[in-house]
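Residue numbers (the working numbering), protein chains in the order written: chain A, 1 to 155; chain B, 1 to 155; chain C, 1 to 155.
Because the hints were derived from the structure by calculation, they are not lab data.
All residues carry an ideal CB built from backbone N, CA and C; glycine is no exception.
Fair warning: there could be bad hints in the mix.
Label-pair restraints from in silico Cβ distances [said to hold, decoys possible]:
(1) B:Leu62 <-> A:Gly84: 33 to 43 Å
(2) A:Val153 <-> C:Gly84: 18 to 28 Å
(3) A:Pro142 <-> B:Val139: 43 to 53 Å
(4) C:Leu57 <-> B:Leu62: 43 to 53 Å
(5) A:Ala55 <-> B:Ile38: 46 to 56 Å
(6) B:Val139 <-> A:Pro10: 21 to 31 Å
(7) B:Ser37 <-> C:Gly59: 17 to 27 Å
(8) B:Pro88 <-> C:Gly59: 17 to 27 Å
(9) A:Ala76 <-> B:Ile38: 26 to 36 Å
(10) C:Gln65 <-> B:Gly123: 20 to 30 Å
(11) A:Val153 <-> C:Ile38: 39 to 49 Å
(12) A:Ala7 <-> C:Ala46: 20 to 30 Å
(13) C:Asp51 <-> A:Pro142: 43 to 53 Å
Covered stretches of chain B (in silico footprint by chain A; criterion: 3 or more residues with CB under 8 Å from a CB of chain A, positions within the stretch not fixed) [unchecked claim]:
(14) 12-26
(15) 93-103
(16) 126-136
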Amino acid sequence: MDQVAEAIDPAAVRRVIDELEIRNILARLAHIADTASINELDQYLALWTEDGTWAVLSGTSLPTQEQRGHAALRAAAKARREAGVQGPGTNSRHIVSTNVVEFESADRARARSYFHVFRDTRGERPVSDSVGEYTDTFVRTPEGWKLHRREVVQG
Amino acid sequence: MDQVAEAIDPAAVRRVIDELEIRNILARLAHIADTASINELDQYLALWTEDGTWAVLSGTSLPTQEQRGHAALRAAAKARREAGVQGPGTNSRHIVSTNVVEFESADRARARSYFHVFRDTRGERPVSDSVGEYTDTFVRTPEGWKLHRREVVQG
Amino acid sequence: MDQVAEAIDPAAVRRVIDELEIRNILARLAHIADTASINELDQYLALWTEDGTWAVLSGTSLPTQEQRGHAALRAAAKARREAGVQGPGTNSRHIVSTNVVEFESADRARARSYFHVFRDTRGERPVSDSVGEYTDTFVRTPEGWKLHRREVVQG
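Chain A extracted, bound-state conformation:
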């Protein structure tokens, strides 16, 4: 009770607002992976900083790679759709959960999440394609929080 009566640190309030914004971006990225077509990738890039980096550190179904900047990120997302790995028609579902969000400063946060990707979700039994982990760095920008770096480890 006494603790509730204590003044609340405005920085702590700021952080919960920021954290929920980041948690929503984490889920939005997953939805976009499954449902955004090649023509709808602007909404994907809007979640990334201009110099954002998507790095696959080790893969079971994805080759290791590093893509930096909007043009490269867009090309890689397009290539995954062309390869039938994600996007509309592939019946994939990127389930993202077990998220930890930590702040390195007021304007920079780290998130660690687990992913579990299904494919053939309209078949008789959905097929687990891969699981693994995202280690993300988010930064605050004038347009809200954006993803600055995502490291993907499959397995």
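Take the given structure of chain A and dock chains B and C to it, following the hints.
Positioned in the frame of chain A, the structure of chains B and C alone reads:
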């Protein structure tokens, strides 16, 4: 630092309180699907507005349908239990994650989530029955946030 | 609009800060299960109260048991790693989601979550080992929220 020192918008604080309430309801609905018996469905209906609608838009194991209002929602939940699809004894688990919560106004929110339903969870190996997505509309009521409409897409 | 203009209850603000801290601990416990070695278990115990209890009420792959206090919790975590059930090299992933967090008082909270454990995550297809539920009691301590009791039901 400067940004933390800025005054915090009370509406933003209100939204994080509301968003966590909604996120808890999303999980509670899943728990109820797995563990509430036919005699315990009042707790299920308490999470819905009186005119709430549960709509299966496309299904792999569920038939497409639309149920509106507490009486219809209760009857459908009872029927799923009688069919052995959910509820105690079916050993189902509705895993709900990858939630995005967005506010259309101070009193109305949309949530998009992924579900992954297990059955036979006590067998040697749990069986993935279906995955898919919920698109939900929540509204603020004098008794707290309630689900107004759930659209279910399996697959 | 009127509702936003209303004064916000400081206790409600306190709770969202607390709830996100608890949600982060729930995910951290899962990450530690998968990646902390026997020599890194201090980070595991730091999340538990001194008298914390880990109780397996019913199991499909784990024997029912109750471990109380840091020494017993450490020994059990060490034994699970020695048995190849979790920790580095086992390629397990503890996916934790569908979390409900409720406050019994300002300093005590209950959480209910679903888990889904993968093993062999680097094989051709990840294997679902078990699913089930955690029922947790968290308490506020001078060093932040800590887990006081976890009840595990597999299945």
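Index of numbered hints that the structure contradicts, given in increasing order
1, 3, 4, 9, 11
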